[in-house]
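J.: Spelled out from the first residue to the last, the chains are:
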Amino acid sequence: MESCKVVENIYLLVIVTLISVLQNVFFAQKVERECKNRNMSTSAFERVSCANRNCMDAYPTFLAVMWCAGVCLSQAPAAFAGIIYLLVRQKYFIGYLGQSSQSTPGYLFGKRIISFLSLMCIVGVFNYLLWRYYGSDYKEYVETITNAASALLLLP
Amino acid sequence: MESCKVVENIYLLVIVTLISVLQNVFFAQKVERECKNRNMSTSAFERVSCANRNCMDAYPTFLAVMWCAGVCLSQAPAAFAGIIYLLVRQKYFIGYLGQSSQSTPGYLFGKRIISFLSLMCIVGVFNYLLWRYYGSDYKEYVETITNAASALLLLP
Amino acid sequence: MESCKVVENIYLLVIVTLISVLQNVFFAQKVERECKNRNMSTSAFERVSCANRNCMDAYPTFLAVMWCAGVCLSQAPAAFAGIIYLLVRQKYFIGYLGQSSQSTPGYLFGKRIISFLSLMCIVGVFNYLLWRYYGSDYKEYVETITNAASALLLLP
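Residue numbers (this note's numbering), protein chains in the order written: chain A, 1 to 156; chain B, 1001 to 1156; chain C, 2001 to 2156.
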């Protein structure tokens, strides 16, 4: 089946995308719930709304870079980095809603994961150009290194 | 033509994406126009700006899930659900701009369509895994069922 | 290598996407820096935050239309238009942060480029339909015309 061959190379990315969509809906429902209780505490609504906005601002960037990395190089480490990103995002969102005495985390989060995925894209394009102009294909070596390097994202 | 074969599997999705882009531009022009008349009525500007923001917040989620559903399973029902989503969004936007005495609709909209598209993704990935590990391919049955189920989205 | 054939048709788009991600991070860091200096000047923070928001609102639309145009028709002019869009966006962002006495630019920017990319999508889908129903393929002519037309985007 030709169609199944397409799915073969992206199914992990699709799963991560689905999980991220679920998370988006979870965030949106938090906003919706606070919006209805708006009269009680404006501060809580502002916090959850701001946390949701920051997450949503970064979302297209994340999706684009994850899919590019997955398609250009290798889907497994890209999906793995995606999962880690979603965990970081969850932690960021929860941290934002914390005690009002605490300082809120900054605007950016998950910089390391976005950098890793960008690097994967660059390596993928570079590998293609090497293959095109020199005929040499280091894809297997690169994939092995990428798989190993993705474990580094687990470091705190 | 190899390139035409790629387009064959996605052209309906491309058309829906184009319509959604047109709609985005329409929303943005509404905001732009109100922004220039800002001095007259702050409330109207805030309403249209908020409606546009809510639509834009949900846009990447919608695009991601529609394309995943279309690529993993079948493009026709995914594009159909996309069209319905755009109609719901238009109604939501117009509803947001209504009488200031009316209560505004909530933050979320189109939940049923997003759920349907997510379900399509899950079924697509599941079908691929079945094909990979058991060699059985139920794609045709699944597509027929999906086509029929997408008609349910028309229910109010 | 099958995987390299996939990359062949999209590598320019991937490069433009990467540059746009870098630009997003640059914008976000500007916001982050102003956010920390918030007490000094609320106006500067509001300006940079608003500029970033407007750019981020338009970002998914841009990505979607660039990728559709690149996949449906031809990647070189789509990537070229993407680069021009990023330059326009940079200019818009810088212009937004200018003297507070100046009036800010509007909500929309890069309309011409988005229109050009949308037109490329329409031509690509139309060309596919012609090929499907009449068997005639004008892709080469269309690509030549598109390449020439993309130079028109350089006009101020």
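To be clear, the hints were calculated from the coordinates, so they are not data collected in a lab.
Treat the hints with care, since some could be wrong.
Pair ranges (Cβ atoms, derived) [said to hold, decoys possible]:
(1) C:2019 <-> B:1046: 20 to 26 Å
(2) B:1032 <-> A:151: 46 to 52 Å
(3) A:9 <-> C:2147: 50 to 56 Å
(4) B:1009 <-> A:111: 33 to 39 Å
(5) B:1022 <-> C:2129: 34 to 40 Å
(6) C:2155 <-> B:1145: 48 to 54 Å
(7) A:46 <-> B:1008: 45 to 51 Å
(8) A:138 <-> C:2042: 29 to 35 Å
(9) A:156 <-> C:2144: 51 to 57 Å
(10) C:2026 <-> B:1134: 46 to 52 Å
(11) A:112 <-> C:2019: 16 to 22 Å
(12) A:156 <-> C:2145: 30 to 36 Å
(13) A:138 <-> C:2050: 23 to 29 Å
(14) A:97 <-> C:2126: 46 to 52 Å
Covered stretches of chain C (chain B as the covering partner; in silico rule of three or more C-beta atoms under 8 Å from a C-beta of chain B) [claimed, not checked]:
(15) 2028-2037
(16) 2045-2052
(17) 2076-2087
Keep in mind that this is a model prediction, so the values were computed, not measured.
Every residue gets a Cβ at the ideal spot worked out from N, C-alpha and C, and that includes glycine.
J.: Next, verify each hint and record whether it holds.
T.: Quick rundown of the hints versus the structure:
{"no.": "1", "hint": "C:2019 <-> B:1046: 20 to 26 Å", "verdict": "violated (35 Å)"}
{"no.": "2", "hint": "B:1032 <-> A:151: 46 to 52 Å", "verdict": "holds (48 Å)"}
{"no.": "3", "hint": "A:9 <-> C:2147: 50 to 56 Å", "verdict": "violated (30 Å)"}
{"no.": "4", "hint": "B:1009 <-> A:111: 33 to 39 Å", "verdict": "holds (36 Å)"}
{"no.": "5", "hint": "B:1022 <-> C:2129: 34 to 40 Å", "verdict": "violated (19 Å)"}
{"no.": "6", "hint": "C:2155 <-> B:1145: 48 to 54 Å", "verdict": "holds (52 Å)"}
{"no.": "7", "hint": "A:46 <-> B:1008: 45 to 51 Å", "verdict": "holds (48 Å)"}
{"no.": "8", "hint": "A:138 <-> C:2042: 29 to 35 Å", "verdict": "violated (52 Å)"}
{"no.": "9", "hint": "A:156 <-> C:2144: 51 to 57 Å", "verdict": "holds (54 Å)"}
{"no.": "10", "hint": "C:2026 <-> B:1134: 46 to 52 Å", "verdict": "holds (49 Å)"}
{"no.": "11", "hint": "A:112 <-> C:2019: 16 to 22 Å", "verdict": "holds (20 Å)"}
{"no.": "12", "hint": "A:156 <-> C:2145: 30 to 36 Å", "verdict": "violated (54 Å)"}
{"no.": "13", "hint": "A:138 <-> C:2050: 23 to 29 Å", "verdict": "violated (45 Å)"}
{"no.": "14", "hint": "A:97 <-> C:2126: 46 to 52 Å", "verdict": "holds (49 Å)"}
{"no.": "15", "hint": "2028-2037", "verdict": "violated (count 0)"}
{"no.": "16", "hint": "2045-2052", "verdict": "violated (count 0)"}
{"no.": "17", "hint": "2076-2087", "verdict": "violated (count 0)"}
Consistency note: the structure conflicts with the earlier hints numbered 1, 3, 5, 8, 12, 13, 15, 16 and 17.
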